[in-house]
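Protein sequences appear in the order of chains A, B, C, D, E and F. Going by the UniProt record's numbering, the residue at position 109 of the first sequence is 109; the numbering climbs one at a time, nothing skipped. Going by the UniProt record's numbering, the residue at position 103 of the second sequence is 103; the numbering climbs one at a time, nothing skipped. Going by the UniProt record's numbering, the residue at position 39 of the third sequence is 39; the numbering climbs one at a time, nothing skipped. Going by the UniProt record's numbering, the residue at position 151 of the fourth sequence is 151; the numbering climbs one at a time, nothing skipped. Going by the UniProt record's numbering, the residue at position 21 of the fifth sequence is 21; the numbering climbs one at a time, nothing skipped. Going by the UniProt record's numbering, the residue at position 169 of the sixth sequence is 169; the numbering climbs one at a time, nothing skipped.
Errors might be hidden in some of the hints.
As the list claims (entries may be wrong) - Ranges of calculated distance between the beta carbons of each label pair, as one might list FRET restraints:
{"no.": "1", "chain 1": "D", "residue 1": "17", "chain 2": "B", "residue 2": "242", "range": "42 to 48 Å"}
{"no.": "2", "chain 1": "C", "residue 1": "246", "chain 2": "E", "residue 2": "243", "range": "38 to 44 Å"}
{"no.": "3", "chain 1": "F", "residue 1": "174", "chain 2": "A", "residue 2": "182", "range": "55 to 61 Å"}
{"no.": "4", "chain 1": "B", "residue 1": "98", "chain 2": "F", "residue 2": "100", "range": "26 to 32 Å"}
{"no.": "5", "chain 1": "A", "residue 1": "190", "chain 2": "E", "residue 2": "220", "range": "51 to 57 Å"}
{"no.": "6", "chain 1": "C", "residue 1": "18", "chain 2": "E", "residue 2": "191", "range": "25 to 31 Å"}
{"no.": "7", "chain 1": "D", "residue 1": "17", "chain 2": "B", "residue 2": "98", "range": "40 to 46 Å"}
{"no.": "8", "chain 1": "F", "residue 1": "174", "chain 2": "A", "residue 2": "254", "range": "23 to 29 Å"}
{"no.": "9", "chain 1": "A", "residue 1": "190", "chain 2": "B", "residue 2": "53", "range": "29 to 35 Å"}
{"no.": "10", "chain 1": "C", "residue 1": "183", "chain 2": "F", "residue 2": "247", "range": "49 to 55 Å"}
{"no.": "11", "chain 1": "A", "residue 1": "190", "chain 2": "E", "residue 2": "228", "range": "55 to 61 Å"}
To be verified - Going by beta-carbon spacing under 10 Å, a handful of chain C positions derived as facing chain D:
{"no.": "12", "residue": "12"}
{"no.": "13", "residue": "80"}
{"no.": "14", "residue": "95"}
{"no.": "15", "residue": "220"}
Rather than coming from a laboratory, the hints here were simulated on the basis of the structure. Where is the CB? At the ideal position from N, CA and C, for every residue including glycine.
Read off the chains here:
6 protein chains.
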Amino acid sequence: MELAAQTWPELGSYFETESLALVPLGSTEQHGPHLPEGTDHIIAESLARAAADRTGYLCTPTVNVGVSPHHRQFHGTMWVDAPVFRDYVESLVSNLTYHGIDRVVFVNAHGGNITHLREVGRRLHDREEAYAIEWMWDESIPTLVSELFEQNGPHGGPKETAMIQHLAGELVREDRLEDAHEGGVVFPTDDSHRNGARTFYDCIDNSANGVFGDQTDATAEKGKRLFEAATEQLCELCEWLDEQPFEDLVAKPHV
Amino acid sequence: MELAAQTWPELGSYFETESLALVPLGSTEQHGPHLPEGTDHIIAESLARAAADRTGYLCTPTVNVGVSPHHRQFHGTMWVDAPVFRDYVESLVSNLTYHGIDRVVFVNAHGGNITHLREVGRRLHDREEAYAIEWMWDESIPTLVSELFEQNGPHGGPKETAMIQHLAGELVREDRLEDAHEGGVVFPTDDSHRNGARTFYDCIDNSANGVFGDQTDATAEKGKRLFEAATEQLCELCEWLDEQPFEDLVAKPHV
Amino acid sequence: MELAAQTWPELGSYFETESLALVPLGSTEQHGPHLPEGTDHIIAESLARAAADRTGYLCTPTVNVGVSPHHRQFHGTMWVDAPVFRDYVESLVSNLTYHGIDRVVFVNAHGGNITHLREVGRRLHDREEAYAIEWMWDESIPTLVSELFEQNGPHGGPKETAMIQHLAGELVREDRLEDAHEGGVVFPTDDSHRNGARTFYDCIDNSANGVFGDQTDATAEKGKRLFEAATEQLCELCEWLDEQPFEDLVAKPHV
Amino acid sequence: MELAAQTWPELGSYFETESLALVPLGSTEQHGPHLPEGTDHIIAESLARAAADRTGYLCTPTVNVGVSPHHRQFHGTMWVDAPVFRDYVESLVSNLTYHGIDRVVFVNAHGGNITHLREVGRRLHDREEAYAIEWMWDESIPTLVSELFEQNGPHGGPKETAMIQHLAGELVREDRLEDAHEGGVVFPTDDSHRNGARTFYDCIDNSANGVFGDQTDATAEKGKRLFEAATEQLCELCEWLDEQPFEDLVAKPHV
Amino acid sequence: MELAAQTWPELGSYFETESLALVPLGSTEQHGPHLPEGTDHIIAESLARAAADRTGYLCTPTVNVGVSPHHRQFHGTMWVDAPVFRDYVESLVSNLTYHGIDRVVFVNAHGGNITHLREVGRRLHDREEAYAIEWMWDESIPTLVSELFEQNGPHGGPKETAMIQHLAGELVREDRLEDAHEGGVVFPTDDSHRNGARTFYDCIDNSANGVFGDQTDATAEKGKRLFEAATEQLCELCEWLDEQPFEDLVAKPHV
Amino acid sequence: MELAAQTWPELGSYFETESLALVPLGSTEQHGPHLPEGTDHIIAESLARAAADRTGYLCTPTVNVGVSPHHRQFHGTMWVDAPVFRDYVESLVSNLTYHGIDRVVFVNAHGGNITHLREVGRRLHDREEAYAIEWMWDESIPTLVSELFEQNGPHGGPKETAMIQHLAGELVREDRLEDAHEGGVVFPTDDSHRNGARTFYDCIDNSANGVFGDQTDATAEKGKRLFEAATEQLCELCEWLDEQPFEDLVAKPHV
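Just chain A, with the same shape it has in the complex:
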C-alpha cells in the first residue's frame, strides 16, 4: 500500500489496525559509466513497494538523496550533509508517529546511509517513540550474492548492475560494462587500509571510474533472482516486526 496513492480516509482505515511503515531510502550518486545515478533509490523504492504490495503494509515516498560525499568527485553526485540527513529522517519518522506508526523498516540501498539510519533509530528508540530497523537489501541475501558473482564489488558492481538490468533495463548502458570492469577495481585494494585502519575517504581514492567488481557478470535474470530473494526477506522481516508487542521493542529496563 503506497501512502502517496491513498486518500486520508483510506489511510485512516489502515491505521485502525496497523502501525508499521516501510520507508525507502537511497541515494543519487555516481555508479560508474554504465549505471544511472539513481541506482540506489530505484532499488530501494522497488523493493519497498514490492514488499508493501505483497504484505499490505504501508510504504511511504522515497528519500532520494542520502549521504554520499565520498562520491562527490564524480559529476552529478548529490548529497546532504550527514547531520542534516539524520535530522530529516528523524523528523519524518517522528512525525509519522502522530498517526499511530510505532515501527518502521528503513528499506535502504545505500551503504553510506547505514550508520546514520541506525543513529536515527536509536534516537527514536531511546525516546520510545518508534522502533526502526535499518535493512540493507544485499546484507539479507549474502549467500545468493556470493553464489551469483565471483568478483563482487561494494559499489556499482555486478549485483547492483543486475538489479537495474531487472528493474529498469533501459537505464543500463550495456555497451559500457566492459569499460566499467576494466576501469574499476577489486575492493578492498592494497592501498585502502593500513595497519587495520581505513586510510581513504573518497571512492576515487580506490577507483578511477567509481566502481568495483566485474560488471560483465551481471544479467537481468540474476537481477530478478536477487530482487525476489531480497523482497522475500523484507516481507518476512515486516511480518516479524508487526508481530512484536511494542513493549518488547522498547529498551529493556536498567538492571
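Given chain A's structure and the hints, the job is docking chains B, C, D, E and F onto it.
Leaving out everything else, chains B, C, D, E and F in the frame of chain A:
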C-alpha cells in the same frame, strides 16, 4: 534531462556547458477524500520533468515530503519540521554547486514550502553560492486558473483535482468529488481572519474534510490545459534564468 | 499596562486575572531618504502601548531589530539572521508562559517578520504552550489605507510616512518627500516577478533609494486616522483573544 | 547620534569617517517592590544615548530583554535562554560590520549579561570581524559607588534606585523603599556560598523580595552624580577605542 | 571511589545508597616556561580523587580539555569551543542521572571553565535533573593562598607551581622559575582594564611568557598545605551536599 | 611525547619539525562483572602513550567518555550523545591545527566511537584542515587475536581482559572470570539479526551480564603480546602518515 537516469560521464557533458538545475519539491499530505496524498509531489515532479524534457535542462529527483504540519490532523499527512526542511534543501543545493550548478529553479507545488524555499534561496544568495528561484505552478497562470474555475480553493480544490485527473487519473476517486465539495468550504472563511490577522493554524480549523472549493468543476481536460500552460511558464523562466550572467544574479553592492 | 514600568507585586496582580500580553516587534532598517530607520519599531511600539493603555492588557518591551537582510545595501540597516530571530522570539514568549501568559499578540510593523512570527507561533501552538497571533497593522485596515493614498508602497511609502508624521513628526525629513517619491518606484515593478516567480532578493533590486509609492501624499492627519483605526482593530483583537477559552485555542484533535 | 532616528543617507555620512557603535543592553526583570522591571534597560539606554550625544558616536536601539532566569520566580521577569541571547547579539553585531562598523561598546546594565557579552565579543574577535568591549556602568565608578552608599547591593539596591530616581523618577515607588530595605538582605549572605563555591542558582534563594542593600539611602541627586560620572567614563572609553588602529585590536599572532 | 576502576555490580552497590558524583575538569593549556600544559587537569583530578578517597563518594574520569582559547597563542594549548564544551559536560552529567545521580560537584581547576560550568548547572537545575555545584579549588582557601604568597597570579603563578611541585614534582622545570617570574607580570596590569571594562581577550595581551606572579616563592611543601586544605574544603562540601534533601536543591516555586 | 607533560617552549620545538598528533579516545562503560569501567580508555591511553614514546610523536590527553548509550542499562556506564561527541572531538582537533598539526591518529579502543570518529575525520578532511585516521587496536592485529582466543567477543571478552591483565592487573576481578564467561554469551547470537538486519539496540538485548566470549582464556602474557603487536602497528601507521606530503592527504580533485 533527469539527473537520476544519467551516468556520471553523461552529466559531465552537461556541466561543461550548463549550470542550471530544476529541483522539484512537493509534499505528502491529505488532499481530501478524493485526491491522493502524493498530489503535490506528483504535480511538482511532472512539471519539472516536462520542462526539463522540453528545454534540455537538468532535473534532480524530487523532495517528496515538505512542511505540512497544518494538515497533520488528517490521517497519513507526512511532514518534516520547518528548520529541518530548510537545512535539507540548503544542503542539497549547496552540494550541487560543487559540480558547477550556480542557478536553480525550485519547482514547487505546495504552498507550505514557499517561505522556506525563499529563505533557503536567500542563504545561497547571500553566500553567493547559487541563485535559486522559488516557482509555484499556479501562481504562474492566475488568469487561466480563474477562467477555468469559479470556486477555486487553496487546497484540494478543482485546480489540483484537474491536474491529477490529467497526470494520474487512476488516483482520483471520482465518486467522491461531490462529497469533497459538500464537506469542504470556500476559503477564506468568515472565521479564518480577525482584524487583519490570521487566527488559525491548521487546515482543519477551516475545513472539516481538509479541502476547499468546488471539486466537481474539475476535468482531465482542464488539467491538461493547466499543465501545458504552467510547463510553458516554467520553460520560459528557465530560459531567462540561464541567460543571465552570474554577476547579475548576485546581490547588488552596498550603495 | 507597560510591563517594564511595573514592579513585580503589581504584575502579580495582573497575572491573577489575566493571561494575555502584547509583544511589539519592528525593525531598524532604511526607510528611504525621508524616514528614520526606526520607523517600524516606533510604529509597533506606539500601537502596542496605545492598545495596552486603552484595554488594560500587558505590553512588553519592544524587539527593535528584526529580519531585514533585504535592506542591507542601505547604510545602517540592522538585522538578525532569520533562525536567530525566531529562536529569540520563541524563547522570550516561551519564558513568559512561566508567569501564566498563554496568549500573545505580536504587534508587528515589519513585513519581513511576518512568516517568522507565524513559525514561532506554530512552535508554541504545537507544544500547547501559548497561542500567538501575528498582527500587522496595515493589514487590519486595508480599506482605509486604499482610501487615503493613491500610490501606496509596501515600504517607506505614504502610509508609513503619515504614521511617523503623526507619531514622531520631528523625525520626518519633510524636505525630502519629493526626492523620496521621485527616486522611488511603484511596486511591484515590471522586473520584480517573472512567470509567477519572485526574481529579486533585495529591496535595492527594485528601488534605487529604498522606497516605493508617493510620499508627498502623506500628512500627519492621515497618520492620525491610520493610527486610531489600527489601534481600534488591535484592541478588538485583544478583547476577542482574551475571551476565548484556552481549549478552543489549542490544536484540534486528530480526526 | 541615534541610529534609529537617522535616515540612510545621514548614516552613510557617519560611516564615511567612523566605525564605532554603542549597543545598549539591559534586561526586563524584577527589581523589588519599588523599582520598575525595566530598570536595567532604562539605565543602559540612557547612558548609551548620553554618551552618543556628547561624543557624536552612533548608538543603536536597545536590546531590552537579556539573560535573567535567576529572577524568574518574581512576576513578570522576562528572559531569553543564554545560547539564544548570545546568538542574537552576535548576529546583530556581525551584521553591523557590513556597513563598516569594526568596534563596539556593549553598554550593559545587567550583571547576568556580562559573561555572555564577553563570549560574543570573543567570537567576533577570533573571527576578526569586530572588537567589542563589554562595559558595565557601575564597574566603571566603584569608588564613587562606595562613597555614596554604605550598604550597597548587587541588585535593586541604592545605586540602581538612585539612577532611576534621576532618570525616571515617576517610576520609583518611593513609599516602598522602607519595605524594600527591610524585606531585602545584605549580599553575599551566609548561605550563599560554601567552601568557596556558589551554592545558589536563583535570586530568591538569597532574598525574599528580590533585592539587596539599603534602598532608603538613595536620592535622585546621588543618581545624577552616578549618571554623570558613568557617562564620562563611557565617553572616555569610546574615545580611546576609536583611536586604536584596528590592527592593534585583532588578536596577537602565535608566539 | 573511582568510577573507572569499578565494575558495574560494584557501582550498583554504590547507587543503592548514594546519588553524588565528583566530576573533575581542567584544561590542557600553556602554563609558562616552567609548568606542564596539563597543570589544571592534574590538579583537578588529584583533588577529586583525594576527596573521593576520603569520603567514599564516586569520582568520574577527568574532562581534560576545557575552554582555553585565550591561551592559544602559546604552543600546544588545546581547547574546545565554549558551546561545545557546555554541551559535552551537560550530556555527560545528564546521562549520569540515568543511574540515579542527582547531585554533582564539578571539581574545577581552570578559571576559564567557571561560567560555562555554572551555565550547565543551571540547565540541569532548571530541568530538575540534577544539582551541580561548580567548585574551584583556590576560591575555597583564599586566606591560605594570600598567606603563603605575596605576589600571586591568576595563571601559572606560585600557587599552581606549588601544587604541581607537590603533586608531580618531576614535571616542574625548577631551573626556569626565575625566568617565569621575570618574563611574567603582576596582574591586573595597567593596560588590562579601562574605565571599568576589560579591554583584553587573550593572556598574551598581558603577559609575554603566559604567566603572572612570583613563581620563585613556590615550594612543594606549600603545595602540600594548599592541597590538604583544599581537599578538606571539598570533602566538607560533598558531605553538605549529600545531606540536602533533593527537594531543597530544586528551584524554589514562583512567589 | 605527552603534550600534557610539556611546557609551551618545548612544544614549540616539536611543532617546528612535526605536524602529527595521537589522540587517544575510549569510553567509560560497563565491561562485565570482572573488568573496570575504564577498560577502553585505559587501553587507548596506554597504546597511544607507548607509541608516542617509541616514535617521539605527540600524544594528547585522553577523551575518557565516548558514545556508549547501548551499555546504559548497566550501572555506571557513562556516555555523551553522539552529536555532542562528534562536535567535541571536531572542536578539539580543529583547534589543534592552530599550532600546525595537520594529521592525527585517533587511537580508539571503543567500537561505539568508530563511525563518529570517521565522520569527524571527514569534516576535517573536506575542509582541508587536517587528515585524521580512526585506528582501532584490535582491527590492526586480527590474526593474532584469532590465534590467541577461541571464543572471542566483541565486548568484555578475553582480548580486552588480557589487555587489562597486562596493563592494570590489579583492576581485573580474577575471581569473576568464570562468572563472566557463564553469564555472557557468544556473539552474534541467534536473536541479534533477522533477515540481514540488526534487530537490537542495546548490549543487554544480547547478554544479561554485559559481556561476550570466554574470559577464562585470558592471561596477562597474552595481553602483553597483544599490546606489543598493536603498538607496533600503531607506530608503523604513524610513521607512514608522517611521511605523506599533505597534498597527498587532501581530497582528490573533481574528475
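Hints and how they fare:
1. D/17 to B/242: 42 to 48 Å: For residue 17 of chain D and residue 242 of chain B the Cβ distance comes to about 44 Å; the hint holds.
2. C/246 to E/243: 38 to 44 Å: Check passed, 42 Å falls within 38 to 44 Å.
3. F/174 to A/182: 55 to 61 Å: Cβ of residue 174 of chain F to Cβ of residue 182 of chain A: about 58 Å, so the range 55 to 61 Å holds.
4. B/98 to F/100: 26 to 32 Å: Given range 26 to 32 Å: holds, Cβ gap about 29 Å.
5. A/190 to E/220: 51 to 57 Å: holds (55 Å)
6. C/18 to E/191: 25 to 31 Å: This hint is violated: roughly 53 Å between Cβ atoms.
7. D/17 to B/98: 40 to 46 Å: Cβ of residue 17 of chain D to Cβ of residue 98 of chain B: about 43 Å, so the range 40 to 46 Å holds.
8. F/174 to A/254: 23 to 29 Å: holds (27 Å)
9. A/190 to B/53: 29 to 35 Å: Once the Cβ atoms are compared, 45 Å apart, the range 29 to 35 Å for residue 53 of chain B and residue 190 of chain A is violated.
10. C/183 to F/247: 49 to 55 Å: holds (54 Å)
11. A/190 to E/228: 55 to 61 Å: holds (60 Å)
12. 12: Since chain D brings a Cβ to about 4 Å from residue 12 of chain C, closer than 10 Å, the hint holds.
13. 80: Given a least distance of 4 Å, the restraint on residue 80 of chain C holds.
14. 95: holds (5 Å)
15. 220: Violated, about 18 Å.
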